[in-house]
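Asks: Based on the hints, put chain B in the right spot on chain A.
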Amino acid sequence: MSQETVDVLIIGAGASGAAMAWSLAETKMHIVCLEQGGLMNPLAYPSTGRDWEARAQSDFATNPNVRGLRTDYPINEDDSPIKVANFNGVGGGTVLYAGHFPRFHPSDFRVKSLDGVADDWPIDYNQLAPYYAENEKMTGVAGVNGDPAYPSDNAPRLPPLPLGESGKVLAKGFNALGYHWWPSDTAIITEDYDGRAGCINLGACGAGCAQGAKGSADVTYWPHAQRGGVELRTRCRVREITVGADGMATGARYVTGDGQEREIKAHVVVVACNGIGTPRLLLNSKSPQHPDGLANSSGLVGKNLMFHPYAWIQGMFEEATDGFAGAHKLMRSQEFYETDESRGFVRGYTLEIQRGMPPVRTAHTGLRHGRIPWGEGHHDAFRKMFGHCTGMVAVCEDLPEEHNRVTIDPVLKDADGIPAPKISYTLSENSKRMLQHGVDRATEILKAGGATDVYSEWPIPYGGWHLMGTARMGRDPERSVVNEWGRAHDCRNLFIIDGSIFVTSAGVNPTNTIQALALYVADQMKQRLANATLFD
Amino acid sequence: MTRETPADGHLLNETEWHTLRALADVIVPPSEKYGIPGAGDEAIAKTIIKDANYGDKLARLVAALDTLNAMAQGVHSTVFAMLREDQREFVALTFREEQPAAATLAEQLVTQCYYRDDRVVTSLGMELRPPMPEGYKVEDGDWSLLEPVRRRDPFHRPAG
Numbered sequence: 001m002s003q004e005t006v007d008v009l010i011i012g013a014g015a016s017g018a019a020m021a022w023s024l025a026e027t028k029m030h031i032v033c034l035e036q037g038g039l040m041n042p043l044a045y046p047s048t049g050r051d052w053e054a055r056a057q058s059d060f061a062t063n064p065n066v067r068g069l070r071t072d073y074p075i076n077e078d079d080s081p082i083k084v085a086n087f088n089g090v091g092g093g094t095v096l097y098a099g100h101f102p103r104f105h106p107s108d109f110r111v112k113s114l115d116g117v118a119d120d121w122p123i124d125y126n127q128l129a130p131y132y133a134e135n136e137k138m139t140g141v142a143g144v145n146g147d148p149a150y151p152s153d154n155a156p157r158l159p160p161l162p163l164g165e166s167g168k169v170l171a172k173g174f175n176a177l178g179y180h181w182w183p184s185d186t187a188i189i190t191e192d193y194d195g196r197a198g199c200i201n202l203g204a205c206g207a208g209c210a211q212g213a214k215g216s217a218d219v220t221y222w223p224h225a226q227r228g229g230v231e232l233r234t235r236c237r238v239r240e241i242t243v244g245a246d247g248m249a250t251g252a253r254y255v256t257g258d259g260q261e262r263e264i265k266a267h268v269v270v271v272a273c274n275g276i277g278t279p280r281l282l283l284n285s286k287s288p289q290h291p292d293g294l295a296n297s298s299g300l301v302g303k304n305l306m307f308h309p310y311a312w313i314q315g316m317f318e319e320a321t322d323g324f325a326g327a328h329k330l331m332r333s334q335e336f337y338e339t340d341e342s343r344g345f346v347r348g349y350t351l352e353i354q355r356g357m358p359p360v361r362t363a364h365t366g367l368r369h370g371r372i373p374w375g376e377g378h379h380d381a382f383r384k385m386f387g388h389c390t391g392m393v394a395v396c397e398d399l400p401e402e403h404n405r406v407t408i409d410p411v412l413k414d415a416d417g418i419p420a421p422k423i424s425y426t427l428s429e430n431s432k433r434m435l436q437h438g439v440d441r442a443t444e445i446l447k448a449g450g451a452t453d454v455y456s457e458w459p460i461p462y463g464g465w466h467l468m469g470t471a472r473m474g475r476d477p478e479r480s481v482v483n484e485w486g487r488a489h490d491c492r493n494l495f496i497i498d499g500s501i502f503v504t505s506a507g508v509n510p511t512n513t514i515q516a517l518a519l520y521v522a523d524q525m526k527q528r529l530a531n532a533t534l535f536d
Numbered sequence: 001m002t003r004e005t006p007a008d009g010h011l012l013n014e015t016e017w018h019t020l021r022a023l024a025d026v027i028v029p030p031s032e033k034y035g036i037p038g039a040g041d042e043a044i045a046k047t048i049i050k051d052a053n054y055g056d057k058l059a060r061l062v063a064a065l066d067t068l069n070a071m072a073q074g075v076h077s078t079v080f081a082m083l084r085e086d087q088r089e090f091v092a093l094t095f096r097e098e099q100p101a102a103a104t105l106a107e108q109l110v111t112q113c114y115y116r117d118d119r120v121v122t123s124l125g126m127e128l129r130p131p132m133p134e135g136y137k138v139e140d141g142d143w144s145l146l147e148p149v150r151r152r153d154p155f156h157r158p159a160g
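Just so you know, the sequences run in chain order A and B. Every letter in the first sequence is one number past the one before it in my numbering, and letter 303, counting from 1, is 303. Every letter in the second sequence is one number past the one before it in my numbering, and letter 22, counting from 1, is 22.
So here's chain A without its partners, still in its complex pose (with noise of 0.2 Å):
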């Protein structure tokens, strides 16, 4: 088994492994990123092809398990009734995420403190904001400015993707009820920007942008860590993390594509593999001095998993809409987004608009809603449809629940024979009278928008797309996983930066700060580098 040692080993090259490997870029040490997946080849995306549809229902699923491909690993999701989405290759689940981009709001971070329920963060959103600037700089993002829904950032903002068909009547019936909407924050550039050409409305952003318009991390960070030094080395999957008899981490175990076991010393590990992946790789890394896995003395690795449940809202309207070409994402609305008690839950949610649907898409949906039947009357039930309808999901705030939980299935493995991840997840009531109230909302707005038709549902099953929460961060190592700057209590050199650090999931999408907690743990590693604190 052939060794080395390097200065900061990370492992997952998605959204925050992305950001992590080009903000320590410029302290020029010896870094490599280790990612299970491959490099994207924007060329082969499903868009550029006519079996697009198909595809994004095979090799660009949004679900690892039933995209099964070998640099998948598979996840036991029977006690759950959301499955996972990701996707494992360099950009992470960013190469099929929709680009929505919104920052939390700084209530998101005080919620025992103002709701008397969960956790306050250990940070706050002024602490975060200069480095949600950065990776909105880095990133390339659409809106507009002045959304009374959050606090003014005077972000520079590219033009906002047009509002077409679906946004007028969308806009209409929101303004029909007084409430509030905006063009979405979007990751998806609308002109020329950082090397990248800008969005051609190809409708098809949730199986890859072969446009590059989206921004995606391996079209956004990666290009400029590998130019500033970081080795990026794909379809490299870490088996454990090792340690020393100090308990501190020495570095990796990994398998190569060609299934050669390697070994690489590190003085600094990242882990950024997301809610599941990073909980999964802790937990199957147990030694003597971490018996219940890596950092796990507070018993919370893999604990408080949380999604945003979603639900799924559209109508069909007489006149046309823009069916599938733009991008998905156009406006939100955060009327219901703070908590208000008369509502019957705590907490809220956004309320993201979306376009229309493909001609694949349309069918499925109508046959799942009885829009479309079988036999006599398919084709003129089709073409009432097709083009013909608008919507919106409610993305659900997701409270913490210690049994909500990732765990290593005693069964399953990958290909590598790496044990498999399990999760077990119950939606909540609080979740369930949240969904019901975005799905009367949305009702309603559609209907006042001129909708003829509405149908719905909750949970969207293969909605799992946002993985929280299951390595937490705070204050108390008895209560948390990671430190308030995503150091890891029981290991001075263990670093964790994804999703898994969240102490609340907020109702909003989370990459931005996702990217942004990655810039701010980075900052906090290159200052106590220079004065020599970072293992203290």
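Hints in this document: simulated from the structure, not taken from any laboratory. Check the hints yourself; a few may be wrong.
Below, computed lysine-lysine pairings styled on DSBU-like, alpha-carbon distance capped at 35 Å [claimed, not checked]:
(1) Lys33/B - Lys137/A
(2) Lys137/B - Lys46/B
(3) Lys50/B - Lys83/A
(4) Lys46/B - Lys83/A
(5) Lys57/B - Lys172/A
(6) Lys168/A - Lys57/B
(7) Lys413/A - Lys50/B
(8) Lys137/B - Lys413/A
(9) Lys168/A - Lys33/B
What you are looking at is a predicted structure, and each value in this text was computed from that prediction instead of being measured.
Replies: Relative to chain A, chain B alone:
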């Protein structure tokens, strides 16, 4: 995972092949009105099999077709493809009701192949091309609709 392709190129046996085509035609029948074939069209059915040959889908599809034939045998003592049109519809709808997961798989495979067939796509008025590289035009829209929201006072909650 995927089924090995026999020398003659068929992944289904003859009974399965005819059952698939008959079921696909029940789900999406031909239309004289729109001048388009049903999903049981030979070329479309071949695409269905090709798409099904991913992961465990083909095995699940074959199991669904076997179930459908067993149901047809139980009621009419013959395989599904040999039934009259009204009999097929009845058995297929029973299958959809009693085997929802299998029926959903069949629906998904049928529609993902049907709605990319050139004849069908043309009948929908769409261009025969993938989204990349031309993309699509989306109207910028009426931004005056945002004015009422712009006038609204900030309402984000203080962090305490």
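Asks: Determine for every hint whether it applies to the structure shown.
Replies: Now for the hints, and whether the structure bears them out:
With a C-alpha separation of about 53 Å, the suggested pair Lys33/B and Lys137/A falls outside the 35 Å cut-off, and the hint is violated. Distance check on the hinted pair: Lys137/B and Lys46/B sit about 33 Å apart at the alpha-carbon level, within 35 Å; holds. The straight-line distance between the Cα atoms of Lys50/B and Lys83/A is roughly 26 Å, inside the 35 Å bound, and the hint therefore holds. With a C-alpha separation of about 31 Å, the suggested pair Lys46/B and Lys83/A falls inside the 35 Å cut-off, and the hint holds.
Our distance criterion of 35 Å between C-alpha atoms is broken by Lys57/B and Lys172/A, whose separation comes to about 43 Å. Note on Lys168/A and Lys57/B: the hinted pairing is violated, with a Cα-Cα distance of about 40 Å set against a maximum of 35 Å. For the proposed pair Lys413/A and Lys50/B, the alpha carbon gap of about 28 Å is at most 35 Å, so the pair holds. Annotation: proposed proximity of Lys137/B to Lys413/A is violated, straight-line Cα distance about 46 Å (limit 35 Å).
Only pairs whose Cα atoms come within 35 Å are accepted, and Lys168/A paired with Lys33/B is accepted, the gap being roughly 33 Å.
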